[in-house]
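**Student:** The chain contents come next:
2 protein chains.
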Amino acid sequence: MFFGLLQTKIDSSMKEKKLLKKKSQNLSDWYTDVILKAELADYAPIKGCMVIRPYGYALWEGIREFMDSRIKKRGVKNAYFPIFIPESYLNKEKEHVAGFSPQVAVVTFAGGEELKEKLVVRPTSETIMYEMYKKWSQSYRDLPIMINQWNNIVRWEKRTYLFLRTSEFLWQEGHCAHLRHEESAKTVNWALEMYQETYRELLAVWGVAGLKSEAEKFAGGDQTYTYEILMPDGKALQGCTSHDLGQNFAKAFDWTVLDDRGKQVHPWQNSWGFSTRSIGGLIMVHGDDNGLIMPPRVAPIQAVAVPIKPGKIISDYVAKVVGRIGGSVRIEVDERQDETVGFKFNKWEVKGVPVRLEIGEKEVAESVVTVVRRDSGEKLKLRLGDLKAGLGKMLEDIQFDLLERQRRFTMENTHSVGVYDEFRNIMATRRGFIRAFWCGNPECEVKIKEETKATVRCLPLDAKNEAGKCIYCGGRSDHRWLFAQSY
Amino acid sequence: MFFGLLQTKIDSSMKEKKLLKKKSQNLSDWYTDVILKAELADYAPIKGCMVIRPYGYALWEGIREFMDSRIKKRGVKNAYFPIFIPESYLNKEKEHVAGFSPQVAVVTFAGGEELKEKLVVRPTSETIMYEMYKKWSQSYRDLPIMINQWNNIVRWEKRTYLFLRTSEFLWQEGHCAHLRHEESAKTVNWALEMYQETYRELLAVWGVAGLKSEAEKFAGGDQTYTYEILMPDGKALQGCTSHDLGQNFAKAFDWTVLDDRGKQVHPWQNSWGFSTRSIGGLIMVHGDDNGLIMPPRVAPIQAVAVPIKPGKIISDYVAKVVGRIGGSVRIEVDERQDETVGFKFNKWEVKGVPVRLEIGEKEVAESVVTVVRRDSGEKLKLRLGDLKAGLGKMLEDIQFDLLERQRRFTMENTHSVGVYDEFRNIMATRRGFIRAFWCGNPECEVKIKEETKATVRCLPLDAKNEAGKCIYCGGRSDHRWLFAQSY
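The listed protein sequences correspond, in order, to chains H and P.
Residues in the first sequence are numbered consecutively from -15, following the working numbering.
Residues in the second sequence are numbered consecutively from -15, following the working numbering.
Calculated directly from the structure, the hints in this document are not laboratory data.
Treat the numbers as computed from the prediction; the structure is a model and nothing was measured.
Check each hint, because a few of them may be wrong.
Treat identical chains as interchangeable: a pair holds within one or across any two.
To be verified - Capping the alpha-carbon separation at 25 Å, the derived lysine to aspartate or glutamate pairs in DMTMM-like fashion look like this:
1) 61 - 17
2) 118 - 26
3) 119 - 322
4) 377 - 26
5) 5 - 238
6) 61 - 318
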């Protein structure tokens, strides 16, 4: 029997199109479905873990390349520290251990014997890195120490939510130590801006940069900055964090250096991280009922050329088209013989390739290419001579429009609220971002969360100094904070 | 008190120069010493683990960039699989588990509770990857699957030997599955050639490519290829491996696909890895009593400019010099005020920067730059107009000479031996590579090792078909194998 030959032409109507869940109906079901069908990732056979497949990993490579050049330009250097942290190290900073210990994975057995001291698989590397920083520095001349790692992190989760909540994830963690707080604060701010640039310029994801509340800040830090992104279901995703660690870890590790006046002082530290979670945000923000929509600048494949019929004439013309475009666009030609054109269109839509080039007999006859935008469905014919420039412009237009659409969505779903009933009502119905006065009291924060599910996301950097009253208790407040239900 | 100001000029005679151990006296002591002093790496506070410091990590980034573009060009795509492997998976391939289980680290506790199934921290990823490959493929149309990972690996070691033997190391592992053995064998061969290219073209490290003996091959594979490098002490370092896995894992995982004739068949697989161990080889091969010598193509810093005196005139001239060189060379200017010129010369020698530019009053007056080669000490003056081209040529010359020096060293220390007494004598004195006939019997292999410490390193790819007699038992042999004491 020749199953291979029988099973030749798979039509679009049979497979993915019908099966892909609708984003407009259930965001969460669609999200998982589109990740699996577009082959971005898959569930691993280990609780809480995922496999990042080549198409998804290419996104991470794009992000990494974009950020890595900026990190290096700042003078931060890449290095690698061990994945294992002695349990006693984690215990050195009290808040830090309290924050992370419920989530750690622990190696108790290695090389055929029980370990004397248990080793924690890093949930973040502050403690192991700073022990080395201490060893490497005696005086202010050895500062600043500015080091970044691209590595894997383990924080135990029982249920996997692909990219957004996994027991293991990939990230970069930058850790700098400075002689003065002022310099450290500058680095914290630079990292936040670099993250915002990555989200906006590369991923076309609008969001709000701001300061975390005491309750939501990093375990062991003084202040945490964040970039909060509004998802289509009105919930917020924390996109990254940049922490001002003060001198907390230096004190916990008893680390001092000689300053320029001959005094022993504790260095000022910061850490900042951006993870594969960002890919989850990217997917949710840009997709539609037909699948993913990749922002062109980070798209692993920016354009796909689909011959409408098989045969040498069209195939030769496709080669010519690709030659004309040159290396300026990441292009793929889909010449598979065992799939129909309809199936192919659908497949590349699910994968979110920003532009599709359709090439049939008509195009050959007219010396044109039919070009279709994934985001808007807009279709136009480009003459061969205009193709390279036209395609480049189209890709930049898509990039701009995606960001603009998300910006508008965020604006339209950000509510300035002065009355708690209205706050409650919004959170019970359409959700979104709420800007409201809050007195800063953690008790109000807890109550608001209990009653509405909304948490303080951040104090936006652009929040004005205003005289107001806390939305919950009526106490004095100087700023409107940003609230939302979080992922 | 102004310690900072008192402690100003540190002279070279005080520090590293005197303290650096001599390569010519004790390779092993020098090796560790130069790694620590050049700040390539440091011991971590976890048994068997190391920290790769920025200067060392930049080498890994250089290697990664070189190899990654070649891997991608071959059509192999990067992805990421979990660091944890369920114990039961490792157990599926018998030889595989027997080979790795003595070295694994095991997570028994995570997220606050004891795990039902223990998780092994990956010692290599065959088992976790192939379970997914099986899930992702039904027919020959889904083959080949060609995936690579850049990740961290854990194989427990009790004593750290920086870069060469550490409980955790970084590597890439490529894993391909093909419909036919022929295609898989081609990939195995391609990977070996790509590794050889990396060693020779990038790292300037000559070595011998060949096939491993049955006893030394990968646990679970059919055949293993290697690149063996002769170290200055006459011992051999295994530089990388490329494995033909046959259908062993496909069978163990009960993985079949429908072939193009409608039959269920097991795919043919291969895996290949190249690790941070290569940096250890690079260090040993190229350094001298004064420190490291970095091959220019991979050197994080290719040239360092040292102003001979402080002051604006020289400083301006240095800026002009750097401007003339442009972005074609990775250059660093050392304008630190708290170190003497002698100290600086020594510091950059220890770090192995291939070329030093000396710039003093004389150079300014004559519109020249004094250029010194790290490998040979050769010194010459280049006119400003010739600098860019001259420097580029000098860097390529150094690259070539380093490789040539190692090639000659390897040739001069490779002995074709026909009598076992001579074999024994060489291994007891100067060591080196020995080419000798061996019958293929593992018993002879074991005896030779017991009596001389030499192991079968490989059957070199260029070994001729000759009629000979086993150096140990006198039995029939068709090839001369390569023997050496291994690291």
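**Student:** Evaluate each hint against the coordinates.
**Tutor:** Verification of the hints:
1. 61 - 17: For residue 61 and residue 17, the Cα distance is within 25 Å only across copies (23 Å; inside one copy 38 Å).
2. 118 - 26: between (41 Å within a copy, 13 Å between copies)
3. 119 - 322: Only across copies: residue 119 and residue 322 sit 21 Å apart there, 62 Å inside one copy, limit 25 Å.
4. 377 - 26: Neither. Shortest intra-copy (34 Å) and inter-copy (50 Å) distances fail the 25 Å Cα cut-off.
5. 5 - 238: For residue 5 and residue 238, neither the intra-copy (55 Å) nor the inter-copy (32 Å) Cα distance is at most 25 Å.
6. 61 - 318: between (40 Å within a copy, 17 Å between copies)
Hints 4 and 5, counting from the list given before, are not met by this structure.
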